[in-house]
Amino acid sequence: MEAVFIRLLNVSLSASLLILAIALVRAIFKRAPRWLYTVLWALVGVRLTVPIDIESIFSLVPSRITVSENITDARHPTVDTGVPVINEMINPGMQTALAPEVGASVNPLQVIVAAAGLVWLFGAILMLLYMLISYLLLLYRHREAARDEDGVYVSDAAASPFILGIIRPRIYLPSDIDAADREEVLLHERAHIDRLDHLLKPLAFTVLCIYWFNPLIWLGYVLLSRDIELACDERVARNMTGEERAAYAKTLLRLGCRRTGIGACPLAFGEVGADERIRALAKYKKPGIAIIAVSVVLIIAAAVCFLTYRKSDDHPISEGVYYAADVSYLNPFSSYIPRAEDLPITVITAEGAVLLRTEELSDLSYREVGRLHSIYVSAAMYEQLFPSQYAFRDGLESFKDTVFDVWSIEGPLSDNGSFTYLFNTEAGLFIAEGIEDTVWVMWRLAMAEPMPKELYTSTYTDGTVGGAAITIDTKRRTATLSLGEGSTYTARGSFIYENGYFVLTTADNFEFKLTFYDTGTHLIFREELSELKGHTLEIVDGQSFAKGYPIPKTASGTIFTDLDADGAMELVYATCSSGSLNWFIHKNGRITASGNLDFTDYDIITFTEEDGALYLIGEFCDTDLHKYYYRAEYGSGKLRLVAEGVRA
Amino acid sequence: MKESRLGTVEARFAAIIWDNAPLSTGELVALAHERLGWQRTTTYTVLKRLSERGLFINDGGTVRVLIGREEFYSRESERVVEAGFGGSLPAFVAAFTSKKALDKDEIDELLALIEKMKNGG
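Line by line, the protein sequences are chains A and B. In this text, residue positions in the first sequence follow this note's numbering: the first is 1, and each later residue adds one. In this text, residue positions in the second sequence follow this note's numbering: the first is 1, and each later residue adds one.
Treat the hints as calculated values from the structure; they're not laboratory data. It cannot be assumed that every hint is accurate.
[Stated by the list, open to error] Restricting the straight-line Cα-Cα distance to at most 25 Å, the calculated cross-link-like pairs of lysine to aspartate or glutamate (DMTMM-like) are: (1) Lys250/A <-> Glu71/B; (2) Lys118/B <-> Glu244/A; (3) Lys311/A <-> Asp53/A; (4) Lys286/A <-> Asp326/A; (5) Lys250/A <-> Glu70/B; (6) Lys118/B <-> Glu410/A; (7) Lys118/B <-> Glu88/A; (8) Lys283/A <-> Asp105/B; (9) Lys285/A <-> Asp178/A; (10) Lys283/A <-> Glu52/B; (11) Lys250/A <-> Asp103/B; (12) Lys286/A <-> Asp103/B; (13) Lys285/A <-> Asp326/A; (14) Lys104/B <-> Asp275/A; (15) Lys250/A <-> Glu144/A; (16) Lys104/B <-> Asp53/A; (17) Lys283/A <-> Glu27/B; (18) Lys311/A <-> Asp148/A; (19) Lys286/A <-> Asp181/A; (20) Lys286/A <-> Asp405/A; (21) Lys104/B <-> Asp176/A; (22) Lys48/B <-> Glu144/A; (23) Lys286/A <-> Asp178/A.
[Stated by the list, open to error] Residues of chain B clear of chain A, computed beta-carbon distances all greater than 12 Å: (24) Thr25; (25) Glu27; (26) Ile67; (27) Phe96; (28) Glu106.
Since this is a predicted model, take the numbers as computed values, not measurements. Ideal Cβ positions, reconstructed from N, Cα and C, are used throughout, including at glycine.
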């Protein structure tokens with residue numbers, strides 16, 4: 001429902017511009033026939049109800065999607081009004097006020113949007129109810145109206161003439177109206193019906209019910225109501241002589257002076273007072289061909305300029321397999337020196353999914369790290385992201401100038417404060433990884449090869465079970481995981497292909513997400529699962545999968561191993577503080593001998609086997625750009641630092 | 001209920017009865033439908049109301065006159081226009097409204113304007 005509300009918000013913003021434009025024309029173009037404005041207002045209605053997504057170079061609408069539907073997921077929420085000046089004014093404030101706190105379970109924007117969505121729905125329902133109830137009340141009030149021979153209804157309860165009904169509109173007159181006035185009034189009401197106003201006004205009000213949150217839409221409705229009345233008068237007066245017009249005007253005056261009884265009756269929506277109508281009548285001249293031509297041109301121009309959108313993105317991102325060509329930005333406070341090889345092979349799919357391969361793993365290890373969400377990066381954000389300008393090869397300014405658009409790669413694992421942005425620039429694609437609001441490293445991507453049409457082979461990407469061999473039986477639709485030492489876990493369920501990966505949901509509601517790709521080319525398989533033959537993936541103890549965003553190698557990791565030598569496999573999460581070089585074991589999980597899973601959250605690291613012993617080996621750079629290394633031996637359930645030092 | 005004149009439509013209905021009484025309720029319903037476009041229920045409702053005012057009586061299916069036309073109209077009284085909801089129309093209804101009260105000067109000015117219209121052609 002929030003998505004609906006945001007979509008309505010975006011459409012109403014583009015319609016608001018048209019409303020302002022019409023109001024402007026109304027103020028300037030005095031000799032225009034009033035029907036011009038009712039047609040223009042109808043265009044606003046079309047914009048608000050019909051999803052038109054045509055692009056044209058004449059469009060004056062700066063932005064099709066001002067508020068992204070994914071804004072509640074965004075790390076740094078932004079809006080894109082299409083006008084750089086306004087973007088710069090709004091976004092820095094938004095980002096500081098609304099950025100979700102790292103580790104917080106609820107993002108403030110989620111609450112705001114959800115609440116706004118509810119308020120909108122509530123308001124729309126109230127207004128629609130008002131409309132329905134008013135209609136029924138009117139019918140009830142005039143239930144004793146009598147039908148005259150000409151099909152007109154007269155009612156004792158009517159204080160003034162009106163029309164009710166959409167399919168068979170009925171004209172209601174006050175029963176005590178005199179014959180002369182009756183004639184003139186009927187001219188007006190019949191003109192309303194000819195003009196289809198009895199359809200237009202309720203339709204417009206319905207649109208107002210839906211878009212009630214936008215004050216400009218109310219303005220449009222009020223002006224529309226007024227224009228309808230004046231256009232109707234013009235239609236009546238069009239072919240009248242001066243005398244006929246005078247008679248009509250007299251009726252206006254007479255009915256305008258009626259005492260309508262107890263209390264002052266409020267001016268209803270946009271009703272035009274008798275004096276204004278009479279003055280307009282006095283001034284009215286049938287429009288010449290020139291004015292009509294200008295009016296038609298204005299209508300076409302309004303439709304083209306305001307019902308279309310600017311041509312989007314001439315710089316699409318090509319799907320394919322990318323590698324890092326070089327490191328183009330490095331934060332000088334980074335604790336390690338990344339090399340181009342440190343960025344895993346990155347695959348960007350047509351659906352905007354980003355998959356990474358990590359080299360610690362076997363060559364069958366793609367995982368989806370997230371989806372591309374369009375974001376807006378303000379000038380202030382750039383300063384924050386890239387704090388040290390000299391660390392930028394050619395300077396920040398020249399980089400900024402080349403950027404077409406920026407995307408955030410958002411995935412399920414955004415709780416450790418890190419982010420990954422994809423910059424689409426003249427010089428190609430760049431991936432920037434960072435923590436909090438600072439980029440630590442940015443790589444320039446080069447395409448290894450385009451996406452192929454099909455492939456085979458498998459791995460799984462969900463980290464609920466690590467270090468296991470998987471056998472997929474497509475006939476029996478099972479995935480069997482061998483956990484070493486002869487224990488296996490069989491997951492049985494149905495495979496569903498969804499957005500670039502396959503999901504296996506078991507009867508007891510574990511979900512395995514699998515990506516299939518070719519061993520040779522590492523390109524993603526997207527055909528139906530039934531095409532696959534059974535395939536086995538073998539992992540030897542000591543290899544590992546990584547889940548989520550790459551974690552600096554020196555900092556932490558997890559292994560799936562038998563830590564305490566009790567015969568059961570454990571998953572161990574450990575971190576190393578680069579200051580004290582102390583190791584902390586955080587969490588672990590167990591797989592019991594019968595093959596049941598009893599696991600907790602974890603990530604994975606790599607141990608290296610050397611001479612029959614397991615070692616954790618790492619390297620990082622300190623701020624003087626010295627390469628610092630360490631080696632810790634794992635044994636008897638403990639990690640023991642055995643060597644450390646600085647390499648030249 | 002205060003004694004008051006009949007609304008115009010009510011008066012048309014009363015006229016049907018005055019012109020045709022005594023008549024069966026069935027005939028009255030038929031006539032009201034033909035001349036006013038009324039449903040049966042509306043006819044019965046208004047008949048009941050006028051009967052309570054003492055004008056007519058529904059005597060076991062036959063409608064009779066208690067107060068005749070001339071006698072009724074000779075009793076003059078202030079007409080009260082029903083106010084309240086009838087005074088303001090909902091926003092989505094097309095209307096011929098003109099609610100602002102005009103003062104004398106405005107009226108004179110507009111009348112002059114109308115005269116000009118007449119001659120201006």
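* What hint numbers does the structure not satisfy? -> 1, 4, 5, 6, 7, 9, 10, 12, 13, 15, 16, 17, 18, 20, 23, 27, 28
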